[in-house]
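S.K.: Offset between the sequence shown (1-based) and our numbering: plus 12.
A few of these clues could be false.
What the hints assert, rightly or not - Capping the alpha-carbon separation at 25 Å, the derived lysine-lysine pairs in DSS-like fashion look like this: (1) 29 x 152; (2) 62 x 102; (3) 62 x 41.
In case anyone wonders, no lab produced these hints; they're calculated from the structure.
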Amino acid sequence: MKIIDNIENGLFLAQSKIEGAGVGLFTSKHIPIDVPVCEYKGDVFDSPEKLFSTGRYDYTLSQKLGAKLPLYTLGHNSGKLVDCQPWATKNIIGLGGFANDAAGFRLRMASGYMEKRKEMLGYTEERLITTPEERETKSKWEIEIGYNTFYWAVPNETKFYLISMRNIKPGEEIFVNYGEKYWSKYIDALTKNPNHFKEISQKNEDNR
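Please build the complete structure, drawing on both the sequences and the hints.
M.R.: Below you can see the structure in the form of structure tokens.
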């Protein structure tokens with residue numbers, strides 16, 4: 013893994029403020045609204061099949077969620093996939109892959125989350141934002157949740173920038189919305205069995 017981020021200015025890695033999230037991305041400087049914060053780049057794949065053929069996500073099967081999970085993968089407008097799995101990526105990665113999701117599955121499973129989301133946005137499922145008004149409404153909702161950046165696909169390059177949604181103060185952690193689809197398998201598993209991950213963790217410990 014080699015990190016070279018041509019956009020960042022004053023970002024650093026430290027323990028995330030989110031319990032259990034591991035490493036998080038922080039800023040040491042003020043970041044104004046509507047500017048590129050960092051890059052999300054890495055290995056580029058033409059299809060999920062080619063991505064999974066590398067074996068880099070075989071380990072996610074141990075979570076017993078029914079499929080391999082491409083945890084560091086974004087679908088680009090070009091139809092290609094950008095993956096920055098830290099230990100497996102052969103190309104240079106940016107710092108964008110270290111930004112955590114402020115909501116995660118815990119807030120998404122909280123009472124009334126989906127109802128409040130629908131009330132604010134007018135819909136519950138992931139879909140394309142087609143108008144400036146929809147983008148503004150979604151931004152307000154995401155800022156309320158705790159996000160301060162969003163993914164923006166670079167048109168002529170297969171990579172993304174994280175763009176600031178508001179003024180970000182020095183010392184703040186950088187948060188970006190992974191999307192409802194990303195968390196759906198976690199939520200399904202925990203809805204069926206609240207102890208799912210505790211049981212998986214215990215089985216892994218017993219097998220060592």
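S.K.: Are there hints from earlier that the structure breaks, and if so, what are their numbers?
M.R.: Going through the list in order, the structure violates hint 3 alone and respects the others.
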